[in-house]
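Number of protein chains: 2
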Amino acid sequence: MSKDRIWTAALIVIGDEILSGRTQDKNIAQVASWLNVQGIRLAEVRVVADDMDHIAEAVNILRARNDYLFTTGGIGPTHDDITVDAIARALGVDVVIHPAARAILEKYYATRGGLNEGRLRMARVPAGAELIENHMSGAPGIQIENLYMMAGVPHITAGMLDALTGTLEGGAPLLSVTLGAWAPESEIAGVLREAEKAHESCVIGSYPFFRGGKVGANFVVRSTDPHELETCRAALKAGLEEAGYAVTDGGI
Amino acid sequence: MSKDRIWTAALIVIGDEILSGRTQDKNIAQVASWLNVQGIRLAEVRVVADDMDHIAEAVNILRARNDYLFTTGGIGPTHDDITVDAIARALGVDVVIHPAARAILEKYYATRGGLNEGRLRMARVPAGAELIENHMSGAPGIQIENLYMMAGVPHITAGMLDALTGTLEGGAPLLSVTLGAWAPESEIAGVLREAEKAHESCVIGSYPFFRGGKVGANFVVRSTDPHELETCRAALKAGLEEAGYAVTDGGI
Chain A
1 MSKDRIWTAA LIVIGDEILS GRTQDKNIAQ VASWLNVQGI RLAEVRVVAD DMDHIAEAVN
61 ILRARNDYLF TTGGIGPTHD DITVDAIARA LGVDVVIHPA ARAILEKYYA TRGGLNEGRL
121 RMARVPAGAE LIENHMSGAP GIQIENLYMM AGVPHITAGM LDALTGTLEG GAPLLSVTLG
181 AWAPESEIAG VLREAEKAHE SCVIGSYPFF RGGKVGANFV VRSTDPHELE TCRAALKAGL
241 EEAGYAVTDG GI
Chain B
1001 MSKDRIWTAA LIVIGDEILS GRTQDKNIAQ VASWLNVQGI RLAEVRVVAD DMDHIAEAVN
1061 ILRARNDYLF TTGGIGPTHD DITVDAIARA LGVDVVIHPA ARAILEKYYA TRGGLNEGRL
1121 RMARVPAGAE LIENHMSGAP GIQIENLYMM AGVPHITAGM LDALTGTLEG GAPLLSVTLG
1181 AWAPESEIAG VLREAEKAHE SCVIGSYPFF RGGKVGANFV VRSTDPHELE TCRAALKAGL
1241 EEAGYAVTDG GI
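As they're listed, the protein sequences go chains A and B.
Quick note on my numbering: the first sequence kicks off at 1 and runs consecutively.
Quick note on my numbering: the second sequence kicks off at 1001 and runs consecutively.
Just to be clear, a hint being listed does not mean it is correct.
[Stated by the list, open to error] 25 Å max Cα-Cα, derived SDA-like pairs, lysine to any residue:
#	chain 1	residue 1	chain 2	residue 2
1	A	Lys26	B	Phe1209
2	A	Lys26	B	Phe1210
3	B	Lys1026	A	Gly251
4	A	Lys26	B	Leu1120
5	B	Lys1214	A	Gly251
6	A	Lys214	B	Val1215
7	B	Lys1214	A	Lys214
[To be verified] Here chain A is said to cover these stretches of chain B; the calculated rule only asks that three of the stretch's residues, wherever they fall, bring their Cβ under 8 Å from a Cβ of chain A:
#	region
8	1019 to 1025
9	1087 to 1095
10	1193 to 1205
These are computed hints drawn from the structure, not numbers from a lab.
Cβ atoms here follow ideal geometry from the backbone N, Cα and C, with glycine treated the same way.
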């Protein structure tokens, strides 16, 4: 497979607690950063309620137009954990007890009060699924086709991502380099536009901030081509300096 | 309009910086919390790239199936700020300079180096749009039909939400009450399910945590009906106590 092919993933964050504002999501940023290292670009994220139809709709659209689809949330033991059921419905398969997941849970809960109906829910998978190792707590993640179902609790998600590291085919990793300047972005918009236009593989993001009464911005150049990334970085730096601003490598 | 009607909103978070993992989104939680107070439920969120087609597609789907659609990001002065263009395309209208927005920017930048091409971009709106006051920095937000375009920088977004407070029609606010217990959620899943089933207007969320070597969970009961919310809360508390757990009002 060519290194030039762009591999994409989508993420569905499942949970009323995010949509109610109760919980600040942390999985989007951590999944995005992890995907970059795998050479996979996060193309789209949806946050959906704990609702079978909403989850199934998002799953079927996003799995079709991306190489990979990740979900976080809704794979725990309680009644509002319906990700497995929704994905089984989206795929048109049954929900079954995965014997290895059951064995993991039996072992994990042996010293914690034993398996009960709620805990056994965490062994349910769409028929045909494999498990994703969870070395933080008992219940595993679930993989079927190009879908990866992970926990909602960020440190457990992190452990599952760790278990998946290096197992997904990707392309050239997206590289980035940051420059910072105490410049109002509205004064150097032309410099950014010209630098991006002259370097076809590069995308430049501009991230303004306001600190200690002064405005500035960080400029992130992204490309999968290390040579063009460097050329673009140098051109951008020169342009900013020509406009009268000192440039800080690595950002401010 | 009946108080029983459920008003919904969707949010589109626009920006490569969120999808690359560089920036941790803070707007989902703040928009969600603000909407709750207005009696409007955040039904769905999408995070999309700085890409005309992706933004326009999300806008047209979400504005049709919600009472309101909010966007954050992409209304600044640089080349990657394309929200206005994408929404104008989605609505099939031209992009025009809004005279009042131009006047605001002229005044704001009078002592900051004057209006230039980049800054004037922030006066561009889809034809027919109104402005949303920005008392934090110069450039206003933009409202057209049921769309509200806001800044990406969270404290500016907060100011725009503040300006909109009380101006959007909503229903009964979604009320919530929290109970906490040092219980593994897998042991009381049945209690939660029963309490929710017995109170039709209520939804119960279960949010486990792990602190100081002990597992616990907070249970959030949500309803627009204050009477049923209280009945459900009491039933849930009794059920948890019956299962042998001390319950902390307000959560742990």
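Against the structure, the hints come out as follows:
1. Lys26(A) x Phe1209(B): holds, 15 Å
2. Lys26(A) x Phe1210(B): Holds, because 17 Å separates the two Cα atoms, which is no more than 25 Å.
3. Lys1026(B) x Gly251(A): The given pair, whose Cα atoms are some 21 Å apart, holds under the 25 Å limit.
4. Lys26(A) x Leu1120(B): This hinted pair is violated, its Cα atoms lying about 35 Å apart.
5. Lys1214(B) x Gly251(A): violated, 41 Å
6. Lys214(A) x Val1215(B): violated, 45 Å
7. Lys1214(B) x Lys214(A): violated, 45 Å
8. 1019 to 1025: holds (count 7)
9. 1087 to 1095: violated (count 0)
10. 1193 to 1205: holds (count 5)
Of the hints listed earlier, those the structure fails to meet are numbers 4, 5, 6, 7 and 9, in rising order.
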